[in-house]
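Take the sequence shown: its position 24, counting from 1, is numbered 850 in the working numbering, and each next residue is one higher.
One thing to keep in mind: the hints can contain errors.
[Said to hold, decoys possible] For each label pair, taking beta carbons as the anchor points, the in silico distance ranges come out as:
#1 1056 <-> 917: 53 to 63 Å
#2 1096 <-> 1012: 44 to 54 Å
#3 1055 <-> 921: 44 to 54 Å
#4 921 <-> 1010: 23 to 33 Å
#5 924 <-> 1059: 20 to 30 Å
#6 1007 <-> 1049: 19 to 29 Å
#7 1051 <-> 1083: 25 to 35 Å
Hint data in this document are derived by calculation from the structure and do not stem from the laboratory. Just so it is clear, the structure is predicted and the values come from calculations on it, not from any experiment. The beta carbon of each residue, even a glycine, is placed where N, CA and C say it ideally should be.
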Amino acid sequence: MSRQPPPSEFQPPLRPLDALRPRPLFQGEVLGRALFVSACLHGALLAGGLAWFGAVLRRPGPVDRPPVVEVRSQAEVPPPAEERPPVQVDPVLPEEPELRPVPEEEEPEILPIDWMVRPPEWPSRDWIAAAARGRPEPPPEPEPVAETDPEPVPEPETDEPAAEAVTVDAPPASRVEASYDPDPRLSPPPEYPRLAVRRGWEGIVLLEASIDAEGRLVDLIVVRSSGHEVLDRAAIEAVRGWAPGAFRPAMEDGRPVPGVVPIQFRFEIQRRR
827 MSRQPPPSEF
837 QPPLRPLDAL
847 RPRPLFQGEV
857 LGRALFVSAC
867 LHGALLAGGL
877 AWFGAVLRRP
887 GPVDRPPVVE
897 VRSQAEVPPP
907 AEERPPVQVD
917 PVLPEEPELR
927 PVPEEEEPEI
937 LPIDWMVRPP
947 EWPSRDWIAA
957 AARGRPEPPP
967 EPEPVAETDP
977 EPVPEPETDE
987 PAAEAVTVDA
997 PPASRVEASY
1007 DPDPRLSPPP
1017 EYPRLAVRRG
1027 WEGIVLLEAS
1037 IDAEGRLVDL
1047 IVVRSSGHEV
1057 LDRAAIEAVR
1067 GWAPGAFRPA
1077 MEDGRPVPGV
1087 VPIQFRFEIQ
1097 RRR
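Produce the complete structure using the sequences and hints provided.
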């Protein structure tokens, strides 16, 4: 290839209008530009091929997974049982207990109540008066002294002493204790309480009645209990219900005075045989 002279040697100087026009290319410049464009295209193709190949290599392949086994359980349903007709059962009735007649209890026979004013074993009046309410015995009344006319005595001598007067005791005054009329119409006995009969309670009640000078009952106390309040109360209610003329006052020297009278009731049950 022959050496070309530099352009300054053979090209004439450019004029102002000629500077705006494109300059004609030489053969070497055309070849260099063609090689440059070709190299760029090949580089671009090579880069695109490498990029595509890398993408293909990076793409994940199919992953081997274990097969999934699906298990389904099916329960065997037994065939429906044949419907049987209901069995009729006779109702069981409770056995009625045999009723036996209850023997009637024999009610005990109530005996009449014994009552008396002064039984043989009755304590003395002094003991009853001292025991009732703890009252002290009244002091004995002074006995009256009977005055006697002195016998005429001759005038004593100056040297002899005078004779003493002699007194004579009078007989004691007569006294009759208070009492009550035993007539059942005036002093009926008490009724036997039904509760005491059912429970078999028995006993003796000793009462003391205080009577005034007019024969009226002013006080009534229990000297000895029967041991059962119901019997004691029956005896007290019976005496309080006696007629007004049932009691007689005590008499002393022929005139009525206050006094006390003991009353005893015996409650006793006798069963029939």
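Structure versus earlier hints - violations, ascending order: Per hint list: 2, 4, 5 violated.
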